[in-house]
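Enquirer: Listed below, chain by chain, are the residues.
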Amino acid sequence: MAVRVQREDFDIGAELDALTRDRHDIGAVTSFVGLVRDIAGDARIGAMTLEHYPGMTEKELARVEAEANARWQLSATLIVHRFGRLEPGDRIVLCAAASPHREQAFEACHFLIDWLKTSAPFWKLEDTDKGPQWVDAKTTDDAAAARWNKSQ
Amino acid sequence: MAVRVQREDFDIGAELDALTRDRHDIGAVTSFVGLVRDIAGDARIGAMTLEHYPGMTEKELARVEAEANARWQLSATLIVHRFGRLEPGDRIVLCAAASPHREQAFEACHFLIDWLKTSAPFWKLEDTDKGPQWVDAKTTDDAAAARWNKSQ
Amino acid sequence: MKVLWFAWLRTRVGTGEETIALPDSVTDVAGLLDFLAQRSPGHAEALKNRNVVRVAVNQTYVKPDHAITDGDEIAIFPPVTGG
Amino acid sequence: MKVLWFAWLRTRVGTGEETIALPDSVTDVAGLLDFLAQRSPGHAEALKNRNVVRVAVNQTYVKPDHAITDGDEIAIFPPVTGG
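First to last, the protein sequences are chains A, B, C and D. Residue 112 in my numbering sits at position 112 of the first sequence, and the numbers go up by one each step. Every number in my numbering is 152 more than the matching position in the second sequence, counting from 1. Every number in my numbering is 304 more than the matching position in the third sequence, counting from 1. Every number in my numbering is 387 more than the matching position in the fourth sequence, counting from 1.
Just so you know, the hints here were simulated from the structure itself, not pulled from any lab data. Values in this document were obtained by computation on a predicted structure and should not be read as measured data. Errors might be hidden in some of the hints.
To be verified - Covered by chain A, according to a simulated footprint, are these stretches of chain C (three or more residues, beta-carbon under 8 Å): (1) 305 to 313; (2) 360 to 366; (3) 377 to 385.
To be verified - Think about it this way: if two alpha-carbon atoms lie no more than 35 Å apart in a straight line, the pair counts; the simulated DSBU-like pairs of lysine-lysine are: (4) A:150 x B:290; (5) D:435 x B:290; (6) B:282 x D:435; (7) B:302 x D:435; (8) B:302 x B:211; (9) C:306 x A:138; (10) B:211 x D:435; (11) C:306 x C:367; (12) B:211 x D:389; (13) C:352 x A:150; (14) B:302 x B:290; (15) C:306 x A:59; (16) D:450 x D:389; (17) D:450 x B:302; (18) C:352 x A:59; (19) B:290 x B:211; (20) A:150 x C:367; (21) C:367 x A:59; (22) A:138 x B:302; (23) A:59 x A:150; (24) C:306 x C:352; (25) D:450 x D:435; (26) B:290 x D:389; (27) C:352 x A:138; (28) B:290 x D:450; (29) C:352 x A:130; (30) A:150 x B:211; (31) C:367 x C:352; (32) A:138 x C:367; (33) D:450 x B:211.
For glycine and all other residues, C-beta sits at the position ideal for the given N, C-alpha and C.
Please work from the sequences and hints to get the whole structure.
Expert: So this is what it looks like as structure tokens:
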């Protein structure tokens with residue numbers, strides 16, 4: 001289990017290799033990478049700045065990761081999330097879940113990104129052709145996260 | 153869209169980079185990597201040999217990939233599957249789906265691996281501590297693939 | 305008490321961090337928001353719609369009835385948009 | 388007609404590829420399997436349980452009633468186990 005919050009880019013291959021190296025009990029690794037798009041609604045995006053709440057960010061990501069490990073049979077998990085200025089095409093976030101079984105790896109990875117999107121304290125300020133705009137939270141993200149509520 | 157069947161290992165980072173390089177319309181890349189485990193049921197696995205049907209294998213993988221692209225809004229897809237002798241910890245298969253949206257990327261990637269597992273002509277011969285054994289097809293794999301049947 | 309503001313709440317308030325003296329009459333998060341809203345027109349504007357305001361006390365999400373004390377670190381921010 | 392065998396069907400039959408002369412009486416996949424089962428005890432053993440036999444004609448999955456001709460490439464194999 002590991003979470004990292006960093007300004008620098010990450011190397012997907014190296015990160016995923018490190019998860020499974022010298023492990024022979026892992027049959028499946030599912031990963032998700034989020035990237036900056038150049039379109040948001042009808043506005044063109046030049047770049048964006050990701051603000052976050054140092055300290056709480058790491059705590060929330062660790063909480064999301066611990067919840068995934070409690071719910072699924074996982075051999076290893078990883079969340080890496082960047083902050084600062086990012087341009088279209090840049091990587092924002094990497095979530096990965098390794099498990100003996102692929103269904104577990106898929107569900108856990110999906111959960112990691114859905115939950116962090118509604119709980120980790122990051123905010124996007126986009127430089128659009130209409131000026132800088134704070135990104136609004138999406139109700140679709142709330143719905144995606146709510147799917148994982150145990151009471152359902 | 154690309155499928156490859158090869159004896160050599162693959163570099164996950166390089167493969168995923170190539171999917172998204174110079175593309176600014178991709179917001180999400182979901183990938184799945186399958187690896188050789190050292191346990192199957194109650195037998196220990198020393199190594200395995202993956203046999204396949206050259207020609208039909210590529211056709212079936214391309215069919216699975218085309219079906220994914222018909223069902224979801226995808227920017228790029230990739231399937232790389234190895235054959236030959238593999239040891240515990242070795243990578244077997246990589247599936248990846250890139251999309252503007254993460255739900256599409258997740259579903260398509262999950263579909264790719266579920267479908268190829270029941271349609272691509274590969275067969276595993278495991279060297280176990282009880283001698284060489286052909287792996288039996290799993291009913292759970294059939295069920296996983298059947299989830300994606302349109303008639304449901 | 306340290307109060308942190310983030311994202312567009314920070315730009316409305318005009319600062320990312322301020323230190324306030326907590327009156328004895330303010331005992332929970334809801335009361336704190338009412339108190340903070342009176343500090344400036346920017347504060348009032350930031351806290352106008354409480355539905356889009358999230359509060360963390362000591363880096364943990366809390367509800368409006370959460371009790372607070374002078375030593376707490378309070379963070380106030382809009383719904384998150386990372387990932 | 389070229390017939391390919393894979394995995395444990397190949398080891399039962401004893402060869403991965405054979406060329407056969409298709410009798411006029413054999414017109415579909417089901418008939419071909421009956422014909423092949425008579426070629427040797429290994430063939431009979433391989434084709435004993437048709438539920439675990441998959442057939443591709445010219446590299447495409449087909450059903451037992453699929454029509455065949457002498458120029459087809461026939462592949463016979465157990466359920467696949469890749470991925």
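Enquirer: The structure should be examined with respect to each hint, and the outcome stated for every one.
Expert: Here is how each hint holds up against the structure:
| no. | hint | verdict |
| --- | --- | --- |
| 1 | 305 to 313 | holds (count 4) |
| 2 | 360 to 366 | holds (count 4) |
| 3 | 377 to 385 | holds (count 6) |
| 4 | A:150 x B:290 | holds (29 Å) |
| 5 | D:435 x B:290 | holds (20 Å) |
| 6 | B:282 x D:435 | holds (25 Å) |
| 7 | B:302 x D:435 | holds (33 Å) |
| 8 | B:302 x B:211 | holds (21 Å) |
| 9 | C:306 x A:138 | holds (30 Å) |
| 10 | B:211 x D:435 | holds (29 Å) |
| 11 | C:306 x C:367 | holds (18 Å) |
| 12 | B:211 x D:389 | holds (19 Å) |
| 13 | C:352 x A:150 | holds (33 Å) |
| 14 | B:302 x B:290 | holds (21 Å) |
| 15 | C:306 x A:59 | holds (19 Å) |
| 16 | D:450 x D:389 | holds (18 Å) |
| 17 | D:450 x B:302 | holds (20 Å) |
| 18 | C:352 x A:59 | holds (29 Å) |
| 19 | B:290 x B:211 | holds (23 Å) |
| 20 | A:150 x C:367 | holds (20 Å) |
| 21 | C:367 x A:59 | holds (18 Å) |
| 22 | A:138 x B:302 | holds (29 Å) |
| 23 | A:59 x A:150 | holds (21 Å) |
| 24 | C:306 x C:352 | holds (21 Å) |
| 25 | D:450 x D:435 | holds (17 Å) |
| 26 | B:290 x D:389 | holds (30 Å) |
| 27 | C:352 x A:138 | holds (20 Å) |
| 28 | B:290 x D:450 | holds (21 Å) |
| 29 | C:352 x A:130 | holds (25 Å) |
| 30 | A:150 x B:211 | violated (42 Å) |
| 31 | C:367 x C:352 | holds (17 Å) |
| 32 | A:138 x C:367 | holds (21 Å) |
| 33 | D:450 x B:211 | holds (18 Å) |
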